[in-house]
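Number of protein chains: 2
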Amino acid sequence: MNGHTALTLEDWGLREDGLDVARLAQTESLFAACNGHIGVRGNLDEGEPHALPGTYLNSFYEVRPLPYAEGGYGYPEAGQTVVNVIDAKPIRLLVDDEPFDLRYGHTASHQRRLDIRAGTLGRSTEWTSPGRRSVRVRSTRLVSLVQRAMLAIEWEVEVLDAAARVVVQSELVANEEIPSTTHDPRVAAVLRNPLRVLENEHTNATLFMLAETATSALRVATMAHHLWEGPEGTEFRSDSFGETARASWITTLEPGQTLKVVKLVAYGWSRRRSIPALRDQVSAALLAAEHTGWEGMLAEQAAFLEDYWDLAAVDIEGDDHLQRAVRFSMFHVLQSGARSEGRGIPAKGLTGPGYDGHKFWDTETFVLPVLTYTMPEAAGDALMWRHRILPAARERAAQLGLRGAAFPWRTIGGAECSAYWPAGTAAFHIAADIADAATRYVAASGDVDWERKYAVDILVETARLWVSLGYFAPGDGFRIDGVTGPDEYSAVADNNVFTNLMARRNLLAAADVVARHPGVRPDVLPDEVTTWRRAAEEMAVPFDARLGVHPQAEGFTDHAAFDFASMTADDYPLLLHVPYFDLYRKRVVKQADLVLALHLCGDQFSDEEKAADFAYYEPLTVRDSSLSATTQGIVAAETGYLDLAYRYTREAALMDVDDLERNTRDGLHMASLAGAWLVPVAGFGGMRDHGGRLSFKPRLPAPLRSLGFSLLWRGRRLRVEVNHHSATYSLHAVERRSSLDGVRPGGTDPIDSLSLLHYGEEVTVGVGEHHRLPIPDIVERSGVSQPEGRGPMERLP
Amino acid sequence: MNGHTALTLEDWGLREDGLDVARLAQTESLFAACNGHIGVRGNLDEGEPHALPGTYLNSFYEVRPLPYAEGGYGYPEAGQTVVNVIDAKPIRLLVDDEPFDLRYGHTASHQRRLDIRAGTLGRSTEWTSPGRRSVRVRSTRLVSLVQRAMLAIEWEVEVLDAAARVVVQSELVANEEIPSTTHDPRVAAVLRNPLRVLENEHTNATLFMLAETATSALRVATMAHHLWEGPEGTEFRSDSFGETARASWITTLEPGQTLKVVKLVAYGWSRRRSIPALRDQVSAALLAAEHTGWEGMLAEQAAFLEDYWDLAAVDIEGDDHLQRAVRFSMFHVLQSGARSEGRGIPAKGLTGPGYDGHKFWDTETFVLPVLTYTMPEAAGDALMWRHRILPAARERAAQLGLRGAAFPWRTIGGAECSAYWPAGTAAFHIAADIADAATRYVAASGDVDWERKYAVDILVETARLWVSLGYFAPGDGFRIDGVTGPDEYSAVADNNVFTNLMARRNLLAAADVVARHPGVRPDVLPDEVTTWRRAAEEMAVPFDARLGVHPQAEGFTDHAAFDFASMTADDYPLLLHVPYFDLYRKRVVKQADLVLALHLCGDQFSDEEKAADFAYYEPLTVRDSSLSATTQGIVAAETGYLDLAYRYTREAALMDVDDLERNTRDGLHMASLAGAWLVPVAGFGGMRDHGGRLSFKPRLPAPLRSLGFSLLWRGRRLRVEVNHHSATYSLHAVERRSSLDGVRPGGTDPIDSLSLLHYGEEVTVGVGEHHRLPIPDIVERSGVSQPEGRGPMERLP
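The listed protein sequences derive, respectively, from chains B and G. The first sequence runs contiguously to residue 797 in our numbering. The second sequence runs contiguously to residue 1594 in our numbering.
Pulled out of the complex, with its shape left as it was, chain B reads as follows (with noise of 0.2 Å):
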């Protein structure tokens, strides 16, 4: 590559100038375009130099073998992969003989330019041929937050200095080779062409393609529609044949002329719709939008990051480039929520192929509250997925000789896909987690009716699971043995503390609700009531009095120190260059498991418990997962860390960015981008939302001036602004437009005032109020550390 490249943070979105070819996989995932439904990676148009092609729907997969070289009862025998479908984004260019592409010839300038008020990608290039032939290439690529089904493209040449030929192809190609990912090779014959191509048609400017996974059946359906304008004598045509559809133009442009193209593409994927009837909804899909139009397609997409921004912009004064970051990761957020709609959220969003492109955990304990106080809508049509897996989480509880739901630790359409079960299976906090976050949904929205149909069952079937997996111990309370935490460097261990206690929370809410919704499920009677609360009431929680904390789970506390002195960093992630076993048995921790409890369950926990659990784990924790700083950085705050959460959220928020881990390729981390709006408002605004009541205590680190945020809360608009000295709370009526109608208003609770607590004192909010409220000193802490090596991640200057 020519010249200087550079990835630069904008107020309202992220610059690339100059392409570094090293570094396409990272700004692939980087400037992919998505909204929950659709995810396009930030190929460039002309397709090559690529890292890693992809375009991906939610829930659209292959089966795949998983091998074991010694099975065991119950171990899945398939895995389900995330496949890169139809590519639609593909348009070529050939000036004169030479194809358009940037490892040859000369690149006078190159940018690339993601812009989160506008929604969009854009492009601008200006290239010379080796042969000599100066074009610029402008585009600007937009997957629709408010068409579901709909990618567009505006895609423009311009010849320089002289006249040239060119030719531009705009393609639909299925199976375009992607790089392996596995070394069985049994896999990678599933995955290296994972579609068989059924229909493949051209109609004039109109492009159509029908494609089917072997194994797991799902089809696809693509279809694309063009608008141009060219020259005089431009010609047009258009071609299908084997699995690429195409079309063509062909024209000479003289200097300073230009040949545009719109190209409109409509997604629809189904298991059990017929093709005419795929091909139907496709082309509806089309339709709507050509009669929106690009200009209007824009227009919308502004509109509605518009209200998003105005509904939940975190405004941070003292460090700018925190500020971009903490935007540019929100954006991501809403990108992968916003139009997921019964389909769950994966770890990766649909910006790579990272982790097969699962959904774990992560979504319900980090995604989540984020989208639920900004986007509640979003928030519940992801949890409306877990409702609707029911029946396969159902099942395999039953396989597990378990009563209930056990949801599956990784999975993309509902099948348990995780061939590890110390860390898959055994990782049974994943029903508590999505318990709370149907809890916090609720409360937050204050959606009654949701709470009917999906919550009840949620909870209902969750609460089953702890009493069949757990139980009453003689004089040692409920305990339950042989799980595994958040922390994968412990499992199968007993009375998890976090699992417990998200567990207790779990049964109580499960009884709750059920006595708010009489009949909803007859099948629960009052005996199975009482003994979910009585579970609750017993819970096992191990402290070691000795020490004076909470083991994570029984015995950890004994085990041996692990010898952080000897690692280097190259020794990270410790997963790569350890055996579990040692790992497993040592006093290391991979990400807050006992100091997650702190943060979600911290009204289970005094200020002194926390402030000495968080002293003990911090030197323990290598932070081996980006799930992790988020944690810490809020619970370093609430215990008077304050830098340390200061540099704790400059990790998360820059994990992709500057790829901290160096796996951006794959795609972003979702979780850690969440923890760009996490640290600050639960961290910094001690945002605390146990039992369904919001509870502040703000508090900035030193090079923050001042912190803004917005939370939605049935139907209102809560922003916080804090400075050093003080809280101003005002109370918002949030006006309800069409293209985010995600906050319901509902429940008993007046609309027209918020209570809430401030340090520990109430206030009433009515709208439209501002109350101002002073900060009181706070002690801040220092001097604790982590192991050398694993503070907070900056990126090499």
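Simulated from the structure, these hints should not be mistaken for lab results. A quick note: this is a predicted structure, and the numbers were derived from the prediction, not measured. By construction, the Cβ of each residue, glycine as well, lies at the ideal position given by its N, Cα and C atoms. Careful, some of the hints might be misleading.
Claimed, not checked - Ranges between beta-carbon positions, derived for each pair:
#, chain 1, residue 1, chain 2, residue 2, range
1, G, Glu1585, B, Asp570, 33 to 41 Å
2, G, Gln1196, B, Asp607, 39 to 47 Å
3, G, Pro1188, B, Ala189, 37 to 45 Å
4, G, Glu1585, B, Ala565, 48 to 56 Å
5, B, Val21, G, Ser1071, 46 to 54 Å
6, G, Gly1488, B, Gln399, 25 to 33 Å
7, G, Gln1196, B, Asp17, 43 to 51 Å
8, G, Glu1585, B, Asp476, 24 to 32 Å
9, G, Arg1343, B, Ala189, 42 to 50 Å
10, G, Thr1327, B, Gly791, 36 to 44 Å
Could you slot chain G onto chain B? The hints should help.
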């Protein structure tokens, strides 16, 4: 098949009347002829019908991939699988136009008989072909215990009733079709045709074939020479092609006439020796056997066994069936180890492909104690193999971040082949089991030279492992966390009592041996030895004071009860019907673990503790492993449950003859067969050898009138005769014979007497003396129960 079929234990052997094709796989295992170097399954001479053709050479294996859907650091990538080598058993017969095949025509009689004094497998069949020609086929097969490389077969056909034309074909065959035992197509591909034939020749009556495995690059050479007698005019020819070499005879036999063939077969294999060297090796072995002749080989085989039974027989009065089963079991244990010579003893011996032909801890813990006292040379040889693989074990330890040697949980050649680490790598007790076997061997043989050459290294390297694996916990002793004990229904637990007690013994033995052999390991400094002794002294041994029992590992007694009541007979073995996670966290025991500690480390428990512990674990132990009955029987006897012990003896001894676990098809259960010696000797004889000192507490169950057994001890034979009232101890010098010179005198104690304990009282027995001592009254216990349906197994009548 026609007529009645039966399998009958004889006084000195096993007889089959009629051929039960459905049971063929089991009888192929039971009738296997082995010497520890070569193993030949009891396939019929004519090759078919067969269940599983099998000819194995100790440590001859192919490498196979070990696939993981989710891999991990330190997971072995390649496994080793025993392969069926060149088959030299087939002698086919054509009678007129009909192949001799018992599935067709009429079998008037068929008998096979394993004679454990002759060391031969006899066979006699009268068969009428579909074309109504009747023949009698007789054969005798032996794998020489004296000439390690040799298999020999005498085969004869006699025509009955009417003359018939017969064709006899004696073959060497490579790559026989065998039923696939894997679902993994890559593994199946590797094992489908494991041999590449490099040489295949015939020269008159001699056939020669040499083949190589593709990946492990091992070469096997087989040479067969034939002698024959037939009527005048018998025509002979030989040929070789593809993967077959063949000697053929054609003749017409009048009624009463016979054609007799003696086939002498030499096997040799090597990774390093050249083709000419291997050819010479088998040629020389064959020449020696020809020199001995068939009758000579029969005679030396019988002499070897006469010596063996004379020195080692266990005599039981009161249960003839048990007497026979014990002898049968001892014969197979002898066959597994007699000539293993530096290559170890697999779990199935060389009787079948079960467990991939791997060697496990069961050899050291169950098989070697028998051989140590009945054929010590074989025990020493098996342990030399452990010394030989020390470099691989040291490398594995380093890979795992440990010091010393981490012996593989399962292997053929020395590399770890376990693909499920919680029940593989984590089962570190194998190190102490090997150390214990080496210590026992040295104590019993008195072989100081062997101790210096082999035991020192084994003990030093395993002691180092323990010190690096455990740690000194302030105020909590020396802890060994996160390991798996013998019970595979628990895993990765802290302070497994069996492991810790065995590790303590290991550490002390290492410290002692280093002191006895100064200078052998100059790398061991005094400080290190001090640490070993301190770790041993401070070893954590958890005890549950509330229940008054030892938890198998920390936390075990706190776990939930397993719901045995809801299990049916079809739910066993549980591992095929219950997920590991559920087994691990509940009180259910696959096989003796703490109870094995009560036996092997009995000097570390009081009688009261033994009684309480046994009564606690017996109702939790499902015995899904064939290793368990032996231990439960021994400890049942010690704690006074004599009837229960008696029934466990029968289970252990009849495991394979009655196919109690329905998997004898894959090979015999060597450890269980060893139990047929161990329960009488250690259970009813009460023999213990703690600290290298023999002690006895004889006690017979009601059905037995008397018990006699012998122990070889530093060049003497101690004979113990027990009845209900007294025990008689006599000491004999052993006349050493060239065929059995494994009894190596040594050590410093006087050669002409032996000091032992009888019920705690010291008795010194001189050579030629008989000491008769009364047996105190035994407090018999009863009433302990097993999980429903999991009492000692008996074959259904």
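Hint check results:
1. Glu1585/G <-> Asp570/B: 33 to 41 Å: violated (55 Å)
2. Gln1196/G <-> Asp607/B: 39 to 47 Å: Holds, since Gln1196/G and Asp607/B (Cβ atoms, about 45 Å apart) stay within the stated range.
3. Pro1188/G <-> Ala189/B: 37 to 45 Å: holds (38 Å)
4. Glu1585/G <-> Ala565/B: 48 to 56 Å: Holds, since Glu1585/G and Ala565/B (Cβ atoms, about 53 Å apart) stay within the stated range.
5. Val21/B <-> Ser1071/G: 46 to 54 Å: holds (53 Å)
6. Gly1488/G <-> Gln399/B: 25 to 33 Å: violated (50 Å)
7. Gln1196/G <-> Asp17/B: 43 to 51 Å: holds (46 Å)
8. Glu1585/G <-> Asp476/B: 24 to 32 Å: Once the Cβ atoms are compared, 26 Å apart, the range 24 to 32 Å for Asp476/B and Glu1585/G holds.
9. Arg1343/G <-> Ala189/B: 42 to 50 Å: The hint (42 to 50 Å, Cβ to Cβ) is violated, given that Arg1343/G and Ala189/B are roughly 57 Å apart.
10. Thr1327/G <-> Gly791/B: 36 to 44 Å: holds (39 Å)
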